[in-house]
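Listed below are the residues making up each chain.
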Amino acid sequence: MNEVVAPPASAYFIVKDNGTPENHTLSILVDNEPGVLARVIGLFSGRGYNIESLTVTETEHEKHLSRITIVSNGTHSVLEQMRHQLERIVPVHSVTDLTVVAHAKGYEKPLERELAMLKVVATGEQRLEALRLADAFKAQVIDANVTHFIFEVTGRTSKIEQFIAIMAPLGLVEVCRTGVAAMARGPGIE
Amino acid sequence: MNAKKRDFDGMEMTGAAMVLQALRDNGVEHIFGYPGGAVLPIYDELFQQDDIQHILVRHEQGAGHAAEGYARSTGKAGVVLVTSGPGATNTVTALQDALMDSIPLVCITGQVPTSLIGSDAFQECDTVGITRPCTKHNWLVKSVDDLPRVLHEAFRIATTGRPGPVVVDVPKDVQFALGIYQGPKIAESRISYKPKVGANLEQIKSAVALMAKAKKPVIYSGGGVINSGDKASELLRELVKETEFPITSTLMGLGAYPASGERWLGMLGMHGTYEANMAMHDCDVMVNIGARFDDRITGRIDAFAPDSKKIHIDIDPSSINKIVHVDIGVVGDVAYVLEQMLALWKKEKKKHQAKALKDWHAQIAKWQARNSLAYNQTSDVIMPQHAIERLYEASQRSGKETFITTEVGQHQMWAAQYFGFEKPNHWMTSGGLGTMGYGFPAAVGVQVAHREALVIDIAGDASIQMMMQEMSTAVQYGLPVKIFILNNQHMGMVRQWQQLLHGNRLSSSYSEAVPDFVKLAEAYGATGMYCDDPNTLDDMLDDMINAEGPVIFDCRVANLANCFPMIPSGKAHNEMLLPDEASDDAIATAIDSKGKALV
Ligand SMILES: Cc1ncc(C[n+]2csc(CCOP(=O)(O)OP(=O)(O)O)c2C)c(N)n1
Ligand SMILES: [Mg+2]
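So the protein lines, in turn, are chains A and B. Here the first sequence stands for residues 5 to 194, where the numbers follow the numbering used here. Here the second sequence stands for residues 165 to 763, where the numbers follow the numbering used here.
Heads up, some of the hints might be wrong.
[Said to hold, decoys possible] Straight line, CA to CA, 20 Å or less: simulated DMTMM-like cross-link-like pairs of lysine to aspartate or glutamate:
1) B:Lys360 to A:Glu91
2) A:Lys67 to B:Glu352
3) B:Lys379 to B:Glu406
4) B:Lys514 to B:Glu352
5) B:Lys379 to B:Glu426
6) B:Lys379 to B:Glu352
7) B:Lys486 to A:Glu194
8) B:Lys486 to A:Asp101
9) A:Lys20 to B:Asp466
10) B:Lys564 to B:Glu586
11) B:Lys358 to A:Glu26
12) B:Lys530 to B:Glu739
13) B:Lys306 to A:Glu37
14) A:Lys67 to B:Asp309
15) B:Lys377 to B:Asp466
16) B:Lys486 to A:Glu26
17) B:Lys358 to A:Glu91
18) A:Lys20 to B:Asp309
19) B:Lys369 to B:Asp466
[Stated by the list, open to error] Incomplete in silico selection of chain B near chain A, CB under 8 Å:
20) Val292
21) Ile294
22) Ser356
23) Pro481
Since the hints were derived computationally from the structure, they do not count as laboratory data. Even for Gly, the Cβ is constructed at its ideal location relative to N, Cα and C.
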């Protein structure tokens with residue numbers, strides 16, 4: 005065997021991005037055709053961007069248009085790249101950074117809502133406590149028998165997180181969330 | 165049969181016939197391909213017509229690179245036709261290569277019948293899945309009704325905006341199915357695709373204003389000028405003439421401004437000239453025209469042209485501010501932007517800063533006097549740099565229109581440094597991906613488009629073995645491509661990096677068991693030549709150029725020569741390693757331990 009030596013080097017110049025990462029919500033209007041979601045997600049994984057939340061469905065049936073809402077995290081320059089890279093995808097019609105739009109209008113965030121379903125299996129005092137709290141969160145009971153509830157709750161991500169945290173010790177066994185749907189405030193179309 | 169004159173719009177035909185008709189309607193004369201089960205219907209159509217010539221390659225990767233060479237030398241899309249499964253996967257390297265260098269390719273792949281997709285059928289692979297990240301766009305065509313639109317869209321998307329490769333995957337049953345053909349107009353129906361044509365005039369105005377104030381300007385041009393077309397190169401030359409700004413170029417942009425031009429600084433970047441890199445480092449206004457601040461160009465980003473204002477012209481908005489923050493970004497086609505720029509420059513009677521510019525030119529002359537491309541040619545061993553210079557002279561003597569392709573390695577850098585490129589579209593090299601094996605098939609593609617021209621692949625002894633099989637293609641079609649191997653018996657570039665970064669431990673970089681290239685050429689029915697004597701080199705080069713058919717020229721050069729000048733890793737443009745300073749000691753310590761760990 006040849007002699008073993010100290011670790012090697014590579015051929016790249018690496019610079020650190022010193023910006024502070026922020027969460028932004030992007031709204032992407034695309035042709036609803038096979039593979040379009042794979043293109044968007046592949047771009048994120050291929051270029052090392054984060055996906056915190058992803059929501060997609062066809063929103064205009066006659067035009068076969070889908071809206072993809074992605075919450076991502078990155079520095080200013082990464083977020084700008086993300087938008088431009090998304091715009092290069094052929095079936096992408098438009099990309100709007102709703103967080104930037106919200107900031108321009110003096111808001112911290114765009115309007116954002118998520119829906120979650122929580123299955124809670126409990127009896128006795130725990131069961132009553134779960135029901136009381138659900139009421140406080142304006143969650144609806146959409147299925148129940150003597151041993152369980154399924155709650156439906158809508159709201160901002162922080163509210164959903166809080167509701168899940170509160171339910172956890174009360175017999176929470178399963179959670180399903182839609183991911184964020186978002187829209188800019190005001191009459192304008194972004 | 166004269167299919168061209170007739171209008172086939174609205175006619176019923178099979179999917180396979182549609183493929184041929186769409187090719188005709190998009191002006192295709194040559195395609196590069198390899199048959200197999202899933203494309204037989206298309207091959208059958210090819211057999212029964214004469215409008216389109218099919219060039220049978222020997223490996224699908226070769227088809228891809230040949231199409232790239234064809235595209236780069238003609239400005240048209242290169243077309244590839246391959247079968248499903250292994251045929252498709254073999255094209256992946258060429259597709260990624262074309263994506264990184266923005267080369268328009270239309271690759272048509274066969275696929276198993278739609279009813280079998282997803283069943284792991286014989287020679288099935290997820291072609292659109294595999295090629296999604298290495299194409300500008302791709303399609304799986306599940307119905308013959310979609311086929312004409314997709315084919316025309318494929319050409320539109322490949323050739324407009326920032327060009328790139330596309331894949332159209334056509335299942336075998338779709339090739340057999342009958343449908344109604346539609347003409348190219350249908351491609352306009354996709355409205356989400358909006359390639360940029362114009363540009364923001366305000367941005368151009370600010371750019372011109374900044375340029376007029378520059379005291380130490382430099383133009384840094386790239387492959388985007390070539391892609392934009394001949395007019396862009398003409399306008400670039402005019403801009404340099406008007407402004408008297410010095411100009412350097414990336415590897416991909418060589419030829420847009422002539423190497424013999426008065427303001428030419430030579431190539432910039434890792435193996436660029438001293439004057440080009442120093443001018444970049446010290447400039448106060450940088451005009452980037454169709455280049456993308458690649459990491460081989462910038463060196464250390466935090467020390468890149470630290471005191472400059474930067475203008476960036478690019479057709480792709482995502483290129484602007486991607487790597488380097490610029491002061492003025494102009495999104496648009498180079499030819500369009502340069503035309504506006506020149507018009508404004510003239511209309512406003514802009515004058516450059518004559519006095520300051522004179523000093524700047526004088527400073528540049530001093531850097532040029534440093535002669536960073538110097539080397540010592542002795543009488544017993546051929547230096548690789550000398551070989552390239554002699555090759556250039558020989559090509560000039562021949563009076564032939566000359567196209568140069570390269571493989572990847574030291575020879576590629578020497579070709580870029582020492583061969584003078586005077587025209588755009590006459591230099592094809594794998595820049596972004598750095599694909600060994602690119603050069604020879606690319607040369608085959610160039611020669612298909614330019615039968616009378618002199619086409620030379622400047623190769624390395626290792627790279628040439630990656631796509632050697634295409635010699636059979638060259639012989640079959642009587643393509644007199646010349647392979648000029650700078651044989652240093654090493655993967656020279658790898659060896660150089662090992663010397664610089666890895667204590668000269670030459671791990672697997674010595675080329676062992678290299679074939680006898682002369683015999684190899686003869687085995688293919690080509691001509692083999694061998695030269696290791698500087699005194700006979702010129703005569704043998706003339707023989708090579710005058711040979712009727714393809715040639716492999718085994719040119720033995722100094723084995724351990726290094727490619728200089730060089731910006732070592734972790735260093736800035738003004739910290740180059742120059743050939744006369746590159747003693748073994750200097751090389752060993754060129755990259756300090758911090759640089760080694762950092763980069
Ligand atoms: C397909 C591929 N594999 C590996 C590499 C890494 N690589 C870059 S240069 C080089 C050596 C090339 O040797 P040769 O063709 O002899 O050229 P030289 O540098 O000696 O001129 C290698 C292995 C590459 N660029 N492409
Ligand atoms: Mg070599």
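Checked hints:
1. B:Lys360 to A:Glu91: Measuring from Cα to Cα gives roughly 12 Å; hence the hint holds.
2. A:Lys67 to B:Glu352: Holds, at about 16 Å.
3. B:Lys379 to B:Glu406: Distance ~15 Å between Lys379 (chain B) and Glu406 (chain B) Cα, so the pair holds.
4. B:Lys514 to B:Glu352: Between Lys514 (chain B) and Glu352 (chain B) the Cα gap is close to 41 Å, so the pair fails against 20 Å, i.e. violated.
5. B:Lys379 to B:Glu426: Between Lys379 (chain B) and Glu426 (chain B) the Cα gap is close to 18 Å, so the pair holds against 20 Å.
6. B:Lys379 to B:Glu352: With Cα atoms ~46 Å apart, Lys379 (chain B) and Glu352 (chain B) exceed 20 Å; violated.
7. B:Lys486 to A:Glu194: Violated. Lys486 (chain B) to Glu194 (chain A) sits at ~25 Å, over the 20 Å cutoff.
8. B:Lys486 to A:Asp101: Holds, at about 18 Å.
9. A:Lys20 to B:Asp466: At roughly 10 Å apart (the allowed maximum being 20 Å), Asp466 (chain B) and Lys20 (chain A) satisfy the hint.
10. B:Lys564 to B:Glu586: holds (13 Å)
11. B:Lys358 to A:Glu26: Measuring from Cα to Cα gives roughly 30 Å; hence the hint is violated.
12. B:Lys530 to B:Glu739: holds (17 Å)
13. B:Lys306 to A:Glu37: Since the Cα atoms of Lys306 (chain B) and Glu37 (chain A) sit roughly 12 Å apart, the hinted pair holds (cutoff 20 Å).
14. A:Lys67 to B:Asp309: Holds, at roughly 19 Å.
15. B:Lys377 to B:Asp466: Not satisfied, since the Cα-Cα distance of roughly 25 Å exceeds 20 Å.
16. B:Lys486 to A:Glu26: Holds, because 18 Å separates the two Cα atoms, which is no more than 20 Å.
17. B:Lys358 to A:Glu91: holds (10 Å)
18. A:Lys20 to B:Asp309: Given that 20 Å is the threshold and the Cα spacing comes to 50 Å, the pair is violated.
19. B:Lys369 to B:Asp466: violated (28 Å)
20. Val292: holds (6 Å)
21. Ile294: violated (11 Å)
22. Ser356: Since chain A brings a Cβ to about 5 Å from Ser356 (chain B), closer than 8 Å, the hint holds.
23. Pro481: Check passed: Cβ of Pro481 (chain B) comes within 5 Å of chain A, closer than 8 Å.
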